[in-house]
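Asks: Single-letter residue listing:
2 protein chains.
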Amino acid sequence: MLNGNFKSYMGDCRLEIDRLLESYLPGPTCEPALIHEAIRYSLFAGGKRIRPILCLASAEAVGGRREAVLPFAAAIELLHTYSLVHDDLPAMDNDTYRRGKLTNHKMFGESTAILAGDALLTAAFTMIAEKGLAGAIAPKKILKVILELGSASGSTGMVGGQLNDIESQGKEGLFLEKLMDIHTHKTGVLIRAAVRIGGILGGAGPKKLSLLTAFGEKAGLAFQIADDILDVEGKEETLGKSVGQDRKRGKWTYPGLVGLSRAKKEAAVLTEEALDALKSFGPEAEPLRQIAHYITHREK
Amino acid sequence: MLNGNFKSYMGDCRLEIDRLLESYLPGPTCEPALIHEAIRYSLFAGGKRIRPILCLASAEAVGGRREAVLPFAAAIELLHTYSLVHDDLPAMDNDTYRRGKLTNHKMFGESTAILAGDALLTAAFTMIAEKGLAGAIAPKKILKVILELGSASGSTGMVGGQLNDIESQGKEGLFLEKLMDIHTHKTGVLIRAAVRIGGILGGAGPKKLSLLTAFGEKAGLAFQIADDILDVEGKEETLGKSVGQDRKRGKWTYPGLVGLSRAKKEAAVLTEEALDALKSFGPEAEPLRQIAHYITHREK
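From first to last, the protein sequence lines stand for chains A and B. Numbering-wise, the first sequence is residues -7 to 292 according to this note's numbering. Numbering-wise, the second sequence is residues -7 to 292 according to this note's numbering.
For reference, chain A alone in the conformation it holds in the complex (with noise of 0.2 Å):
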C-alpha cells in the first residue's frame, strides 16, 4: 500500500532495508576488521535501494506482506554492491569516486576491494539461505530466489554484460542493439531479478508473474537510459561523481548513438510500456507504479 505519499514509502522502506542490513552483517570491529569497515563503506553510502524497494513494492502488488520479503530484498542490495565495487576496480572502469566518497579500491586497496566484493556477493545468497531457513516461507520458493538472484547474476547475466560492457569500449561501430543488449545484461537482469523475486515471494500466480515480468524487463531498460542522460546532464554535486565519464572513456550509451532528445523520448515510452503491464493491477501495485516514474524523473 501506498504509505501516506511515495516519498515516504521510499524512506520507508530505506530505512526498513538499512537497520536490517546494519543488524545481519558482522559489526565493523568483527575480525578481520579491515574487510568488514570495507564492506560497510560501499554499503552504507547512501545508495538509493532501488532494487530492494523495487522487490518489496512488486510482492505489496500481488499481496504480499513488506516484512516477509524483506530479509529476501535486502539480499539483493548486498549482490548490487558487490558489482559495483568490482566493476570501479582499476582492471574494469577504473573509478575514483562513487557517490561523492572514494571508491572501494581507492580507500582500502585493491586487494581489500576485491575481496570486499567477494564477500558481499557470497554474503548476498548466505543472507537469504539463513533468514530463509529461519522464517515462515516454503524453503522450495527460496530455493527458486536463489536461482532467480543466480540466473541475473552470473556469466550470462550481470558479469557478462560487464565483460561485454568493457570489451566494447573506445570499439568503432557499435550497433544500438549491442548495447541494448550490454543494458539489458548489466543493469536490466538484476532490477528484473528484483522484480520477479517480489512476485515469487509475494505469492503471484504464473499470469501475474508474468507481467511483472515484462513490467521489470522495461523498467530496466529505462534505469539504465535515465542513468546514460544523467551522465551527460546531470549535476556532479547531485549525482557524487564526474559527469561526462562515459564518453571521456569511450564507453557507448545511448544518447550518445541516438542523441539526447531520442533518449529521453525512449526512456519514456518504456516507462509507458513497464505500467501497460500493471493495467490489471489494483491499487496495491501504486508503489511499484510510481518507481517506474521515479526511475526516469530522479536527479541521481
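Since the hints were derived computationally from the structure, they do not count as laboratory data. All figures in this text were calculated on a predicted structure; none of them were measured in a lab. It is possible that part of the hints are untrue.
If several chains are the same, the list does not tell them apart, and a pair holds so long as it fits within one copy or across any two.
Derived pair list, reagent style DSS-like, types lysine-lysine, alpha-carbon separation capped at 27 Å [unchecked claim]:
| no. | residue 1 | residue 2 |
| --- | --- | --- |
| 1 | Lys243 | Lys98 |
| 2 | Lys133 | Lys123 |
| 3 | Lys200 | Lys123 |
| 4 | Lys170 | Lys256 |
| 5 | Lys136 | Lys123 |
| 6 | Lys227 | Lys292 |
Chain A is already provided as a structure; the job is to place chain B on it using the hints.
Replies: Coordinates of chain B only, in the frame set by chain A:
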C-alpha cells in the same frame, strides 16, 4: 563404499564430478564466449577435486548415496576454483603459474579473471539451488548446504583468511597461533564445510555430524601444512608451479616457523586425530579415511 581400491575410487569420483560440471556449465562458445572460455580454463586445469571427493566420501560414510550428493559436491569445486582465480590476481598473490599453466589473468587479462571468479562464485550457489529444485533432497536441507558453504567462504571464513594472509606477508614476528588461524580460515573452513555438507546431505544425525566436523577440521589443517611442505620439498614438474614461492614473497608457512621436521610430525598427528574422529564409523567410512592419508602423502 571403497570401490575396488582407493585410487580407482578417487578416479571414479573425479570423472563423475568433471562430467557433471562439464554438462552443467555453459559451453565455451556460449555468449559471451570469453567468460565461458576463462571459466573452463581454470575449472578444467587438472585440479585434484579433493573438496568434492571429501564431500562424497563423507556422505557415504553416513550411508548416503553418492549420486544424490554429486551436484552439491561439484558446486564446491566451482567455489574453490573462484578462490584460486582471485587469489592469483596481481593485487593478491600475483602468481604466473598454477597447475603447470598460466594463471587465469595471465591468460585472459585481469578484468576477465576477476569476472570469471565472480561468475564461478555465483555459479556455485546457482547450481546448488537449481539441482536442489530438480532433485529429491528436502529443500530445507539444500538451504542448510547453502548456508554452510556461504558461511565458510564469506568475510569471516575464506575471504577473511585471504585478507589476513596478504596483510601478514613480509611482516615480522608472526606467531604460530596467528598462522594456524590464517590456515584455518583460508583452507580449513572450506574442507570442513565440504565434509559437513556431505554429512548433512548423507543424512547424518547430530552426533555423527559433530564427529565429521572434527574430522574435517583436523584434515583441513593437515592439508594446509602438507601444502606448505610441498612448497619446500615438492618437485616443480609434479606440482606444476615453482617451489619456494612462499619464502620468496615473505609468506609465513608452517615449516618456515617450526622447521620441516616438526611440520611433518604435526601433519601426521593431525591425520591421526582426524582418523580418531571416525573410530565409531564402519567400513563405509573407508574412503574418507583413505583421503586423510592421501592428504598428507600426496606429491602435488
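Asks: For every hint, state whether the structure bears it out.
Replies: Do the hints match the structure? See the list:
1. When the C-alpha separation of Lys243 and Lys98 is checked against a cutoff of 27 Å, the pair qualifies both within a copy, at 22 Å, and between copies, at 25 Å.
2. With identical chains, the CA atoms of Lys133 and Lys123 are at most 27 Å apart both within one copy (12 Å) and between copies (14 Å).
3. Proximity of Lys200 to Lys123 under the C-alpha cut-off of 27 Å is found in both arrangements, the shortest distances being 25 Å within a copy and 26 Å between copies.
4. With identical chains, the CA atoms of Lys170 and Lys256 are at most 27 Å apart within one copy only, with a shortest distance of 19 Å there and 57 Å across copies.
5. Proximity of Lys136 and Lys123 under a CA criterion of 27 Å is satisfied in both settings, with 14 Å inside one chain copy and 11 Å between copies.
6. Taking the shortest alpha-carbon separations for Lys227 and Lys292, only the intra-copy value of 8 Å comes in at or below 27 Å, while the best inter-copy value is 57 Å.
Every hint from the earlier list agrees with this structure, and none is contradicted.
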